[in-house]
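Taken in order, these protein sequences are the chains called A and B. Position one of the first sequence corresponds to residue 1 (the numbering used here), numbered consecutively onward. Position one of the second sequence corresponds to residue 1 (the numbering used here), numbered consecutively onward.
For the record, the hints were derived by calculation from the structure and aren't laboratory data. Among these hints, one or two may not hold up.
Cross-link-like lysine-lysine pairs, in silico, DSBU-like; alpha carbons within 35 Å at most [as the list claims (entries may be wrong)]:
id, chain 1, residue 1, chain 2, residue 2
1, B, K40, B, K2
2, B, K109, A, K62
3, B, K91, A, K12
4, B, K62, B, K2
5, B, K143, A, K86
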Amino acid sequence: MLEGILPEQIFKPLAHKVGFSRINEIRIRADKPILISSLGQKFFLSELGACKELNRAVFADKSMIEEIIFRASECSIYSVNEQIKKGYIVTKEGVRIGLAGNVIEENGDLKTMTSFSSVNIRIPHEVKNCSLKAFSSIVKESGVLNTLIISPPGAGKTTFLRDLVWQISERNLAYNILVLDERGELNIGKGLGLFSDVISFSSKKLGFENGIRSLAPNLIITDELGEWEDMEAVRYASNSGVNIIASVHSDSIESFVRKLAFKEILDEKIFKRFVVLSMREGPGTLEGIYDENFSRLMRW
Amino acid sequence: MKWVLIIIMFLGCVGLGWFFSMKYKKREAFFSSLIMFAQKLDVEINFSRERLKKLIETMDEKSKKNLFGIDKNFLTYLDGSSELTHEALFKNIQFLKSEEKETIFLFFKSLGRTDVLSQSKEIANFSKRFDENLATCANENKKYGSLCFKLGIIAGLFVLVILI
């Protein structure tokens, strides 16, 4: 993973001294020390692996960042410009690289980003059975309940969703699952089981409409709802009799219900379950499961 | 024996003339191919937005015919197997002048580093410079290419007369 994308002086200690299986996030900023996040803790990257001392840390420079982005785009930045406009690139291995730099606007439209100054590399993980505790609350005899996975960034929403697809698909509930993978992060390895179709890099609106029309799914699973038009897509799926499991950024159920974009669909009680994850005991800590009235069903 | 030596000497002179004239032919053919290569890339980047490596690999042989391996050397860099240096890019290419090499190097270095619009403009700018190079090369080939070959023949005849 990330071989050929990261420069040698970063790749070697990460791969051989730290191990990618233990890393959640790598932050590389121009003229600043490289930070790695492992099991909820932050470390500097040194030539000998992870360390806490700043004087041993490896420092990144601007050319390093430019080269990482160039390599992550498979030497073709023009081919990923639509992703760059949204602030990230996803590699073919499903690694999402968040970008910071100068935004170029033209007539009010975002044209591209240049002079990259930092990247945030999020390493995807497959944690088998991480969704099992919540499984029985989401999947009933009658079918799958519309569910939202709520957590702050980096707390394991995508990993949870990926395992949930696998669990449902493996149990063969005669469900046709459509995975709408807008950022190319869900569909990595063989983690999505045997009975799922995947639409990648499509907006929610287009993906929901085309997917429902052409693939007749029973269940749509997608990552990170947030825009107003996403709510329209959710409503369209719900009205079409398709179940939805999705995720959303928020640090608690209280702050989530205050999000204006969700007000209408919460009032309509489209979602029947809310699963809250946190970083309290490392990524993927299950905090609680709530019903459509926000009554807590389970506590850990 | 004397006649064999005379024939060898004559052919040697003609061959030498031909060898020097080939340099000019190669230069002209190279720039002509490079312009075609750049134009194809421009069209494909605008149309399919496919990755650079795939574009070059799947490009028809006609467009790469006289690039003398520069495309393959660039693919090695895209694979991450080598750095993009003058030595690596112009391996086995002796007939280019250093300023021409610099322009071509900058052209390859610019590929894949910007969005479609900027990439397209950049390719168009380089294509203009390659057009100028091609015009110079065609002129040189016309002037010096045939001159070298003719000089080779004249030198051969001269040797032939002296030896006889």
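Results of checking the hints against the structure:
At most 35 Å may separate the alpha-carbon atoms for a hinted pair to count; K40/B and K2/B exceed this at roughly 56 Å. With a CA separation close to 17 Å, the supplied pair K109/B and K62/A stays within the 35 Å bound. With a C-alpha separation of about 30 Å, the suggested pair K91/B and K12/A falls inside the 35 Å cut-off, and the hint holds. With a C-alpha separation of about 47 Å, the suggested pairing of K62/B with K2/B is violated against the 35 Å cut-off.
For the given pair, K143/B sits about 55 Å from K86/A by alpha-carbon distance, which is inconsistent with the 35 Å threshold.
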